[in-house]
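S.K.: Residue numbers (this note's numbering): 7 to 319.
Treat the hints loosely; a few may be bogus.
25 Å max Cα-Cα, derived SDA-like pairs, lysine to any residue [stated by the list, open to error]:
hint: 1; residue 1: Lys130; residue 2: Pro312
hint: 2; residue 1: Lys124; residue 2: Asp135
hint: 3; residue 1: Lys15; residue 2: Ala39
hint: 4; residue 1: Lys124; residue 2: Pro242
hint: 5; residue 1: Lys130; residue 2: Ala39
Pair by pair, the computed Cβ-Cβ distance ranges are [as the list claims (entries may be wrong)]:
hint: 6; residue 1: Pro226; residue 2: Ala75; range: 30 to 36 Å
hint: 7; residue 1: Trp136; residue 2: Val13; range: 21 to 27 Å
hint: 8; residue 1: Gly134; residue 2: Asp314; range: 27 to 33 Å
hint: 9; residue 1: Gly127; residue 2: His14; range: 37 to 43 Å
hint: 10; residue 1: Glu298; residue 2: Gly134; range: 40 to 46 Å
hint: 11; residue 1: Ala26; residue 2: Ala64; range: 22 to 28 Å
hint: 12; residue 1: Val233; residue 2: Ala75; range: 38 to 44 Å
hint: 13; residue 1: Asp135; residue 2: Thr179; range: 29 to 35 Å
No wet-lab data here; the hints were simulated from the structure.
All of these numbers come straight from a predicted model, not from anything done at the bench.
We put the beta carbon where it would ideally sit given N, CA and C, even for glycine.
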Amino acid sequence: GALGDGVHKDSPAIQRAIDACAADSGAADSGGAVYCPPGTYLCGTITLKSHVNLHLEAGATLLGSPEPADYTPLYPDPSWINRFNFDQHLIRARGAQNVSISGQGAIDGNGRAYFGPKLPGRHKLSVGDWRPGPMLTFIECQDVSVRDVRLLDSPAFALWTVGCDRVHASGLTILNQRDGPNCDGIQVVCCHGVRISDCYISAGDDCIAVYGMSYFLAEPRPCENVVASNCVLSTPCNGVRVGYTGDWPIRNCAFSNLVMFDTRTGISMICTPYNAWKTAREHESHHGPVTENISFDHIQMEVRKPIDLWIDE
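Build the full structure now, drawing on both the sequences and the hints.
M.R.: Structure below.
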C-alpha cells in the first residue's frame, strides 16, 4: 500500500509490512526483510521489530513528516522528557533483538521543517514550538546493525543507542545541518559492545558522543567496550566527546584512525577518578561519570582546539 510519492503518508503501510514480517518469523526466529524500492516515503513514527531487516534500496528515501501528530510518544507519561522530545522518533526499536537497517537509500529527518532563522547574536538556528527527538533510536536492544544508509537533516541526534548490547554502525553517511541545534551524529549511551566504523559524519553538534546517562533506563549500567575507527568527522562542535554528562561509568573505549576537518574541538573528555565519583554518589552530590581505559591513536585533526580535557577531582 505504500505509494512512495513523497505526498501520501506511507508509514502505516511500512509498519504493516514490518509487523507482518516479524509475525512470520514465528518460533524459529527466522526473521526476514522489508524492502523499500526507489521512491520518497513520507513517514511518521515507524517501530522496528525483532529479527527484521529494513532494507532501503538506492533511490529510496524515508522522509520525516512535518506534522507532530504523525509521531507517536514512546512513554504514556512523558512528563520527564525534556525539550528535545526524547520519546518521539522517526524510526525506533525498544527491547528488540537482531534488528537492522541496511541499503544505499536514505533516511531524511526533515529538520528544515522545524528550524527557523538564526536569532540575533546566536550561531544556531532557532527552534519552533516542537520538533521530533533523535531520528533513529534503539533503546534496550540486542544485536543492532545499521549499515551503509545515508542519515540526512536530523532534527536532533541522527543515531541514538541507549542501553543496547552489541551495536554495529558502519558505512554510514551522516549529513546534518551544521548550524542545527543538538544535531549530533552518533550518540552512544550506556551501551555494551559498540563498533562504529567507516562513517562520514558532518554534524551540527558532536559527531561521536559516548555518555553514561542511566536515567533513560530502568536500571543503571555503564557504557563500555566501544570502538570507533576509520571515520571522517566535521563539526562546529566536538569531533569526539566522552563523558560530558551522566551518572554511570564509561570505560574501555578506543578511538583510532579518525580524520577531523573544519572542526572546533577534536577531543572533549571529562575524566573523573573512581574514588571521587564513588564519594560524590554516596553524598548524593552532582558529579560527572567515572571514565577509565579510554584510548586515542592515529587521529588527524584540522581543528581550532585539539583537546579539551577536564579532570574532575
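S.K.: All hints are to be evaluated individually against the structure, with a verdict given for each.
M.R.: Here is what the structure says about each hint:
Taking the CA atoms of lysine 130 and proline 312, the gap is near 22 Å; set against the 25 Å cutoff, the hint holds. A hinted pair counts as satisfied when its Cα atoms are at most 25 Å apart, and lysine 124 with aspartate 135 qualifies at roughly 15 Å. Between lysine 15 and alanine 39, the direct Cα distance comes to roughly 21 Å. Compliance with the 25 Å bound is thereby established for this hinted pair. For the suggested pair lysine 124 and proline 242, the alpha carbons sit about 15 Å apart, so the restraint of at most 25 Å is met.
About 39 Å separates the Cα atoms of lysine 130 and alanine 39, which puts this hinted pair outside 25 Å; it is violated. Under the hint 30 to 36 Å, the C-beta atoms of proline 226 and alanine 75, about 35 Å apart, fit the expected range. With their beta carbons about 22 Å apart, tryptophan 136 and valine 13 fall inside the hinted range of 21 to 27 Å. Between glycine 134 and aspartate 314, the C-beta spacing of about 31 Å keeps the proposed range 27 to 33 Å intact.
The given range of 37 to 43 Å is respected by glycine 127 and histidine 14, whose C-beta atoms sit roughly 42 Å from each other. The supplied range of 40 to 46 Å is met by glutamate 298 and glycine 134, whose beta-carbon atoms lie about 41 Å from each other. Our hint of 22 to 28 Å for alanine 26 and alanine 64 holds, since their Cβ atoms are close to 24 Å apart. As the Cβ distance of valine 233 to alanine 75 is approximately 40 Å, the hint placing it in 38 to 44 Å holds.
Checked against the given bound of 29 to 35 Å, the beta carbons of aspartate 135 and threonine 179, roughly 31 Å apart, stay inside it.
Of the hints listed earlier, the one the structure fails to meet is number 5.
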